[in-house]
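Listed below, chain by chain, are the residues.
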Amino acid sequence: MSFEQILFYLFSGVLVLSAGAVITVRNPVHAAMFLVLCFVTTSALWLLLEAEFLAITLVLVYVGAVMVLFLFVVMMLDINLARMREGFARYLPIGGIVAATAVGIMGLAVGRINFGLDVWPAPPARAADYSNTRELGEQLYTTYVYPFEIASVVLLVAIVAAIALTLRTRPGTRYQKIEEQVVVKKSDRLRVVQLESEGRK
Amino acid sequence: MFEIVENFLLGLGLWPWLATLVVTLLQIMLVMVPLLLSVAYLTYAERKVIGFMQIRIGPNRVGFFGKPLWGLGQPIADAVKLMFKEIIIPGGADKFLFLIAPVLSMAPALAAWAVVPFGSEMVLADIDASLLYVLAITSIGVYGVIIAGWASNSKYAFLGAMRSAAQIVSYEIAMGFALVGVLMAAGSINIGDIVRGQGGAYGLLNWYFIPLFPLFIIYFISGVAETNRAPFDVAEGESEIVAGFHVEYSGMTFAVFFLAEYANMILISMLAALMFLGGWLSPLPASWIPELALFDLALGDGIHWLLAKTALFLFFFLWFRATFPRYRYDQIMRLGWKVFIPITIVWLLVVGLFIMGGLAPWFDAA
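Protein chains in written order, with our numbering: chain E, 18 to 218; chain W, 55 to 420.
Accuracy of the hints is not assured; some may be wrong.
Covered stretches of chain E, as calculated for chain W (at least 3 residues, CB under 8 Å) [claimed, not checked]:
#, stretch
1, 64 to 76
2, 81 to 91
3, 183 to 194
These are calculated hints, taken from the structure and not from any lab test.
We treat Cβ as the ideally placed atom computed from N, Cα and C, and that holds for glycine.
Isolated chain E, as found in the complex (with noise of 0.2 Å):
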């Protein structure tokens, strides 16, 4: 075996291990965790395939920004571990028939039939001054130049609604007008008045 199998199914194992611990752990938290784990050791994995582009945007976009957003969330809520647990026994069955499913479908379609290294060849390794990075901006930026603007607007639509959705202004709250603060000038706030003095009587 060599070392990138030995690397292979090191990472892949403990993806498999933490991907389980992500819905098995009872604390939200801990499975927050899990689930950075496997984001991880994902990247892990397609650094293996030469995705260092992707690799690298998964942490830093999936590590470092959304699971933090979402442990933030976590973190705060208060959550009932006892009736999130109940019902398990209930909802086996069909959970476990979706499951059985999905993976089946997913083991046709992605598997040996279609994906076999007859079908597809195993690709070459490309030699260390390839740029992944340059291949994937060329190609995003010119062939697929209009899917990935749309995609942009879609996503920016989503955003914009999202906030329109959730963006509640409360009667009575107060803002600080920070433009009005800083035009304000020493005659608005403070008047010098001349004082008579008065003799002690």
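Since the structure of chain E is already known, use the hints to place chain W on it.
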């Protein structure tokens, strides 16, 4: 230089992978040992510099060989003291996460150094996407703070963690945009190539801090915010939440947070020097340097320039702490989202125009 060591080890009859491992470990040591020594003496420099700014003397008792030596032994004494202190785990704390949190903040602070170049040939791992790697690794550091705050089972620690998480995530965006400007200017995400792109006939006028001046300022201020340093240190905020996320930590667990903070300060300073101030390039134009080996060694390109520029930024960190009062939390958020991010986006357009116009001497090569 390392080929000689590797060949020597192979000559001794070691397996090739073992020889590579030994040489790699040696290289890692060569980066880590000076880094940790700088961290130790940065704490000393901080106390001395702030002391002098406030007309005090700072630590001046602990020296070596029975002499005070301006207190140079203070960091060593501090480290020994912290090592022998008891690590107290609060009742109701999540023990595993409580103990792993310092590791989560220290490991990224050290791992990011793997791709930092110290000279045109002096880099541990010259990977193609090194700037992205640094951004990704440093973004993991926030977990140390959040997990520490949550696992401590303390309200003050939790408040500190919440503040810190929101602040770091917000300023990462401004920081990332500032770096997008740099990689647009250099046309590369390899830090070594970014430095090489700043070389030229005009010395320091070729560096990116001139065309990217707003991004340079925003990068450094965001860096101060990312490291939770004053005036953005609301995560610690002694006057409001005691010591923030590490209020429950003692002894070595506290020291590791402390080390991570200072290692991050050095990292941010060195990255600022590499990306905006020409890294190891000399500020003097090559034509000014007399053709003497001695002058070339002292004034030509070299690691000493990089270290000097890094030291300058580190001094700014200390200077800020002695000068500015702490920002209010909502004002920090406003500065990040409503001031820095719009400025960076506008300046990215300006940089695009510079590149299209081929503005000399920065953008005429490409």
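Hint by hint, here is what the structure shows:
no. : hint       : verdict
1   : 64 to 76   : holds (count 5)
2   : 81 to 91   : holds (count 6)
3   : 183 to 194 : violated (count 1)
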